[in-house]
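Just so you know, the sequences run in chain order A and B.
Going by our numbering, the first sequence opens with residue 1, and the numbers climb by one from there.
Going by our numbering, the second sequence opens with residue 1, and the numbers climb by one from there.
Simulated from the structure, these hints should not be mistaken for laboratory data.
Just so you know, nobody snuck in bad clues.
Derived BS3-like pairs: lysine-lysine, alpha-carbon spacing no greater than 30 Å straight-line:
#1 B:Lys146 - A:Lys173
#2 B:Lys16 - A:Lys111
#3 A:Lys169 - A:Lys28
#4 A:Lys172 - A:Lys202
#5 A:Lys117 - B:Lys119
#6 B:Lys27 - A:Lys57
#7 B:Lys32 - A:Lys117
#8 B:Lys17 - A:Lys157
Under 7 Å between C-beta atoms, here's a sample of chain B residues computed to sit facing chain A:
#9 Thr103
#10 Pro115
#11 Ser116
Backbone N, C-alpha and C define an ideal beta-carbon position, used for all residues, glycine too.
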Amino acid sequence: MNELINFLIEIGKLKKIKRKGWIIRKVKNPETIADHSFRIAILAWFLGKEKRFDTKKILKMALIHDLCEVYAGDITPYDKILPKDKKQQKKVLKKWPRFSKSEDIERLLEKHKKEWKSLVRLTSKLPSETREEIINLWLDYEECLTKEGHFVRQVDKIENLLQALEYWKKDKKFPIKPWWVEIKETIDDPLLLQFIDTLDKKFHQKKKSK
Amino acid sequence: MANQTEKFYLTKEGLKKLKEEYQELQKIAQIKVREQIPEIFHSEELNPEYLAYQEDNELLQSRLADLKNILTNAEIIKTPKKEKQNIVNLGAKVLVETDGQKTEFEILGSLEANPSLSKISNESPVGNALLGHKVGDMVTVQSAIKMTYKILKINYK
Numbered sequence: 001m002n003e004l005i006n007f008l009i010e011i012g013k014l015k016k017i018k019r020k021g022w023i024i025r026k027v028k029n030p031e032t033i034a035d036h037s038f039r040i041a042i043l044a045w046f047l048g049k050e051k052r053f054d055t056k057k058i059l060k061m062a063l064i065h066d067l068c069e070v071y072a073g074d075i076t077p078y079d080k081i082l083p084k085d086k087k088q089q090k091k092v093l094k095k096w097p098r099f100s101k102s103e104d105i106e107r108l109l110e111k112h113k114k115e116w117k118s119l120v121r122l123t124s125k126l127p128s129e130t131r132e133e134i135i136n137l138w139l140d141y142e143e144c145l146t147k148e149g150h151f152v153r154q155v156d157k158i159e160n161l162l163q164a165l166e167y168w169k170k171d172k173k174f175p176i177k178p179w180w181v182e183i184k185e186t187i188d189d190p191l192l193l194q195f196i197d198t199l200d201k202k203f204h205q206k207k208k209s210k
Numbered sequence: 001m002a003n004q005t006e007k008f009y010l011t012k013e014g015l016k017k018l019k020e021e022y023q024e025l026q027k028i029a030q031i032k033v034r035e036q037i038p039e040i041f042h043s044e045e046l047n048p049e050y051l052a053y054q055e056d057n058e059l060l061q062s063r064l065a066d067l068k069n070i071l072t073n074a075e076i077i078k079t080p081k082k083e084k085q086n087i088v089n090l091g092a093k094v095l096v097e098t099d100g101q102k103t104e105f106e107i108l109g110s111l112e113a114n115p116s117l118s119k120i121s122n123e124s125p126v127g128n129a130l131l132g133h134k135v136g137d138m139v140t141v142q143s144a145i146k147m148t149y150k151i152l153k154i155n156y157k
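Take these sequences, add in the hints, and give me the full structure.
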C-alpha cells in the first residue's frame, strides 16, 4: 500500500504540470496533463464503444498514455526550433513544423528514450503485474501495436484539437492552423474523421449557420 | 486501421515484416501452450522485440488475431507502370510545398502510415486528396482552414 501511495503522489504531479503546447502560445491558465488525460479517456471510451473496441483496454490506455511525462515532461515538436525572439516565436508557431527525415528519426528516438526511462522509473516499485500492464499498454499506444493502440493515438490528437479550438474561440489570435494541418495529415479512421468534420462545423461555421 | 472487410494495402517489405511477426508470435503462443513460460525469457530463438507479447497473453492473442485478419486481406502496393509514375498513387513519395515549407510525404496504407515520419495514410484527408494528382498540381484540402499543397516531385523508390 505504501508504494501505491508513493505512486499516486508522483502521478498527482500531472494535475499541476501545464501542457507545454499551450505555455509556448501564452495561453492563460492552460490545462494540465491530467486534464487532457481525463477528456481523452472519455472521448476514446465513447467513440471506441461505437467501434466495438475493448473499452477496458482503451480506458486504461488513455489514462496511462502520458504518465511518462511525470519525469520526462511534456515534449513538443517545437522544443528545439523555437527562437528566443518573441516576434520570431509567433511566426514559427503559426506553422506546423517540418523536419528532414533524419531530424524526424532523431527527435522521435530521443523522445521515446526519455519517456521510456521515465515510465520505467515511475512504475519500478509497483507490483510486477501492474507495472508490466502499464508498460505494455504504453508500448501498444506508442507503437500502435493493436487496433486500440492505433485508435487511442489518433484520439489523443483530436482531444488536442478540441482544446486548441476552445482556446481559439476565446482568443482568435491563437494560431489554430497547425492543429488542423496535423489532424488532416494524421487521422484516417472514418469515425474520427466524421467527428473532426463535426468539430469543424461547430467551431468554424457556427456564424454561417445562424 | 481499416475495417475487417477492407483491404489492407501494404508494401512488399511491410507484408514481409508482418508475416515474420506473425510467425514469431505463433512461436511464442505455442511455447506458452506447452507451459514452458519460464523458459520463454531465456530462449535465444525469440526476438527480444516481442517481449511485451511474451509477458502479456491478452496482448499476444489480440495481436495474433489482428495479424491473421491483415494477412488474409492484404494487398501489396504495386509500383505503377513507368508511364503512370507521374501520378500520385499508393507507394509514391511526393515532394510538396505547403505554407512556404517543403516536405516529402510517402503515401502508404493505414497500417504502415506514421505521420511523425511523414508517412501518411491514403485514408487521411491529405493523403487521399493527393492521390491521382501530377507534378505542378495545387491540391486543396477542404476544411475551414484552407490548406494547399503544391506537388513538386513524385517518385516511386
